[in-house]
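Chemist: The lines below spell out each chain.
Protein chains: 2
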Amino acid sequence: MISVSKALHIINSQALILREEEVSLNDALGAVLSKDIFSTINMPPFRQSAMDGYALKWSEETDYQLTYESQAGNANLYSLKEKEAVRIFTGALVPDEADTVVMQEHVEQTGKGLSIHKMPSKYANIREMGEQIQAGDIALQKGAVLNAAAIGFLTCLGVQNVSVYQRPKVGILVTGNELQSVGSLLRKGSVYESNSTMLKAALQEAGITEGVEILRVSDDLESTKTCIKNLLEKTDLLLISGGISVGDYDFVKEALTDNQVDELFYKVNQKPGKPLWFGRKDSTCVFALPGNPASVLTCFYVYVYPLIQKWKGYQNTSLERIIARCTSKLPNKSGKTIFLKAAISQKGEVTPLQGQSSAMMHTYALSNALICVPEEKELIEVGEEVECIKLTP
Amino acid sequence: MISVSKALHIINSQALILREEEVSLNDALGAVLSKDIFSTINMPPFRQSAMDGYALKWSEETDYQLTYESQAGNANLYSLKEKEAVRIFTGALVPDEADTVVMQEHVEQTGKGLSIHKMPSKYANIREMGEQIQAGDIALQKGAVLNAAAIGFLTCLGVQNVSVYQRPKVGILVTGNELQSVGSLLRKGSVYESNSTMLKAALQEAGITEGVEILRVSDDLESTKTCIKNLLEKTDLLLISGGISVGDYDFVKEALTDNQVDELFYKVNQKPGKPLWFGRKDSTCVFALPGNPASVLTCFYVYVYPLIQKWKGYQNTSLERIIARCTSKLPNKSGKTIFLKAAISQKGEVTPLQGQSSAMMHTYALSNALICVPEEKELIEVGEEVECIKLTP
Chain A
1 MISVSKALHI INSQALILRE EEVSLNDALG AVLSKDIFST INMPPFRQSA
51 MDGYALKWSE ETDYQLTYES QAGNANLYSL KEKEAVRIFT GALVPDEADT
101 VVMQEHVEQT GKGLSIHKMP SKYANIREMG EQIQAGDIAL QKGAVLNAAA
151 IGFLTCLGVQ NVSVYQRPKV GILVTGNELQ SVGSLLRKGS VYESNSTMLK
201 AALQEAGITE GVEILRVSDD LESTKTCIKN LLEKTDLLLI SGGISVGDYD
251 FVKEALTDNQ VDELFYKVNQ KPGKPLWFGR KDSTCVFALP GNPASVLTCF
301 YVYVYPLIQK WKGYQNTSLE RIIARCTSKL PNKSGKTIFL KAAISQKGEV
351 TPLQGQSSAM MHTYALSNAL ICVPEEKELI EVGEEVECIK LTP
Chain B
1 MISVSKALHI INSQALILRE EEVSLNDALG AVLSKDIFST INMPPFRQSA
51 MDGYALKWSE ETDYQLTYES QAGNANLYSL KEKEAVRIFT GALVPDEADT
101 VVMQEHVEQT GKGLSIHKMP SKYANIREMG EQIQAGDIAL QKGAVLNAAA
151 IGFLTCLGVQ NVSVYQRPKV GILVTGNELQ SVGSLLRKGS VYESNSTMLK
201 AALQEAGITE GVEILRVSDD LESTKTCIKN LLEKTDLLLI SGGISVGDYD
251 FVKEALTDNQ VDELFYKVNQ KPGKPLWFGR KDSTCVFALP GNPASVLTCF
301 YVYVYPLIQK WKGYQNTSLE RIIARCTSKL PNKSGKTIFL KAAISQKGEV
351 TPLQGQSSAM MHTYALSNAL ICVPEEKELI EVGEEVECIK LTP
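Those protein sequence lines, which keep their order, are chains A and B. Quick note: the first sequence uses my numbering, first residue 1, plus one each step. Quick note: the second sequence uses my numbering, first residue 1, plus one each step.
By construction, these hints were calculated from the structure, which means they are not laboratory data. One should not assume that every hint holds.
Since the list gives no way to pick out one identical chain from another, each pair is judged satisfied if it fits inside one copy or across any two copies.
Each computed SDA-like pair below joins lysine to any residue, with the alpha-carbon atoms no more than 25 Å apart [stated by the list, open to error]: (1) Lys234 - Glu22; (2) Lys347 - Gln141; (3) Lys35 - Glu131; (4) Lys271 - Glu105; (5) Lys169 - Lys234; (6) Lys118 - Ser357; (7) Lys390 - Ile323; (8) Lys267 - Leu221; (9) Lys229 - Gln166; (10) Lys188 - Ile37; (11) Lys188 - Glu69; (12) Lys390 - Leu319.
Chain A extracted, bound-state conformation (with noise of 0.2 Å):
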């Protein structure tokens, strides 16, 4: 039996082997940029107007000769001569000639002329070709994630396609003899899976949208053996849910041996979920998850998720943690790590919930974080701070 840290050292000290994959713009919000990008003209493309107003070179003259109008999206280039202005617009060319717009608030339209009231200084509502970034110079660098704003960004430079990190193919394993699916009329003995449809929307929450393959297998150890081989072959990362405790009918571990995964831990002092294995064959990880939902998705937030974003290119791999005030006493005699689920007030108040038992799922769809006691803190008392998991939303 390990720690929780011990247990996440292991995990995040994996080297992972990042592949990559061009897709377009439109599809890439989240990822992460696996190749830095370089612009490949200058923004502004040409010397853009940044106001309604008259742009002109700049002297000590009120009085001009409107001879011209730019309009936004106009490609002609007027050339402006000696006390010559030219009507101009928000985005629009500015004239080679001019050096300065003057807004159109600061101006009066007399006949075919304008009068200046009030002068800028010299230079100013000139946006510079260039002045954002100039041809050939770095737009974003490798690593850099993929926020509305950076996509927003990338397009304004013509940018279609990128170079971003996979995310991790994952594959879900489910066992057991009890378990049935949703839609038929339930059997004696028997309870709805549920699992597997909770770890496919966690792994959406983690971005995983697509291509999670799930299979669900009895309690045979050949049936496990040759499940856990077929997905294997497929997936970076595997979950397997069930059949990792002591029991005559747990066969996933000696599953997982015979197909020469190697246990890098198993049994974590925590709770719930004191039977996780973590293990390895080539370059696909296995998380083995206890049984129950409650332990699973704890498990799957405290452990699977870093990993996930560290295959995704993420700096930051953990969900957020923050300190927080708890409005109850919590005592700890197990010494074990415990997670409660929380709800945190917007005050950041952090109040653990009824039904921490980890069958009970009905709590954990009103948290919005978990409370990690550490092992060695037997109590902690009302207003005390500790440490939480932010859960999404």
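Start from chain A and add chain B according to the hints.
Modeler: Okay, now just chain B, sitting in the frame of chain A:
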């Protein structure tokens, strides 16, 4: 011109018609229940062993006859006699006559019998039928957000479909003669149109992953009117970018008025995004956003995002706002609320980034927060606490 808080108040006080739809639980992550859900089964559906061990009727005796095995998933109920015990596994049916399960670690097998070293308290290690929830009880209330735990919980109750609030149908109209689609060489005087791609990604961050209709229109009153009319008929929420300023070719305001969209506000005392316009026609809300990408995105996060969350049925509609210590001095002589692209560190300090101009997107791509400096605040000192909006991811 109105204040930011007044603008938010007007948006938040819009009465929205929330439509309901029935969806598969598999497609419901992040949706909000529009009806209470009642359980049709007891959970557990039968008396279940919580351990691998031996089920028996509790007594002072230490020796029992071993008569039967109850594996998980087995539907047969053994009728237990006096001084008999049944081998049992986690999740399996407990015989009616048994009231206690003894952990296998506390028992020694002796031929056909067993000897108990350590008898637990009566009723130990049995999950009673309906202990988690009983048939007819409420499982989750209207308004609950369907996170992975909720999806797991409902699946284990046999639920397949749920009634949720429908996400709003969104239309995007992008205006501007200077805008060119990516994929061809940039013409002189043109820039690549990026606002629609960026808004689509921002909508995706807000859970609107499909059905977004995008139209582009040149700076022409009649075409703008027609596009707006077309989108008003099909959408709950219409986002327009550009054409809302005071230039001779800004036709959006007039086209909205001609389409009988009632103006609820125009111009907000803020930077960026001053010319923000908000209105409504029947059940459709309309934002006319400025044209500069950074203004568009800031207005989206501050004003559009909360309205979308309200439509989706969320109680907390705003992006998370936190207080952080500012690492730089921030003067604000403008008398406006200013939103600054910024990076919050893991220590919770916030640093405004270089390049705050509303045409600059590079900085935005690297931001994870917006600092909000209130209009009445002339100076934020180094180390002073300031409100920040946290951005995804």
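Chemist: Now tell me, hint by hint, if it's right for this structure.
Modeler: Structure-based check of each hint:
{"no.": "1", "hint": "Lys234 - Glu22", "in the structure": "within (21 Å within a copy, 34 Å between copies)"}
{"no.": "2", "hint": "Lys347 - Gln141", "in the structure": "between (37 Å within a copy, 24 Å between copies)"}
{"no.": "3", "hint": "Lys35 - Glu131", "in the structure": "within (24 Å within a copy, 54 Å between copies)"}
{"no.": "4", "hint": "Lys271 - Glu105", "in the structure": "between (68 Å within a copy, 19 Å between copies)"}
{"no.": "5", "hint": "Lys169 - Lys234", "in the structure": "within (7 Å within a copy, 38 Å between copies)"}
{"no.": "6", "hint": "Lys118 - Ser357", "in the structure": "between (73 Å within a copy, 23 Å between copies)"}
{"no.": "7", "hint": "Lys390 - Ile323", "in the structure": "both (10 Å within a copy, 17 Å between copies)"}
{"no.": "8", "hint": "Lys267 - Leu221", "in the structure": "within (21 Å within a copy, 69 Å between copies)"}
{"no.": "9", "hint": "Lys229 - Gln166", "in the structure": "within (23 Å within a copy, 41 Å between copies)"}
{"no.": "10", "hint": "Lys188 - Ile37", "in the structure": "between (59 Å within a copy, 23 Å between copies)"}
{"no.": "11", "hint": "Lys188 - Glu69", "in the structure": "between (82 Å within a copy, 16 Å between copies)"}
{"no.": "12", "hint": "Lys390 - Leu319", "in the structure": "both (7 Å within a copy, 15 Å between copies)"}
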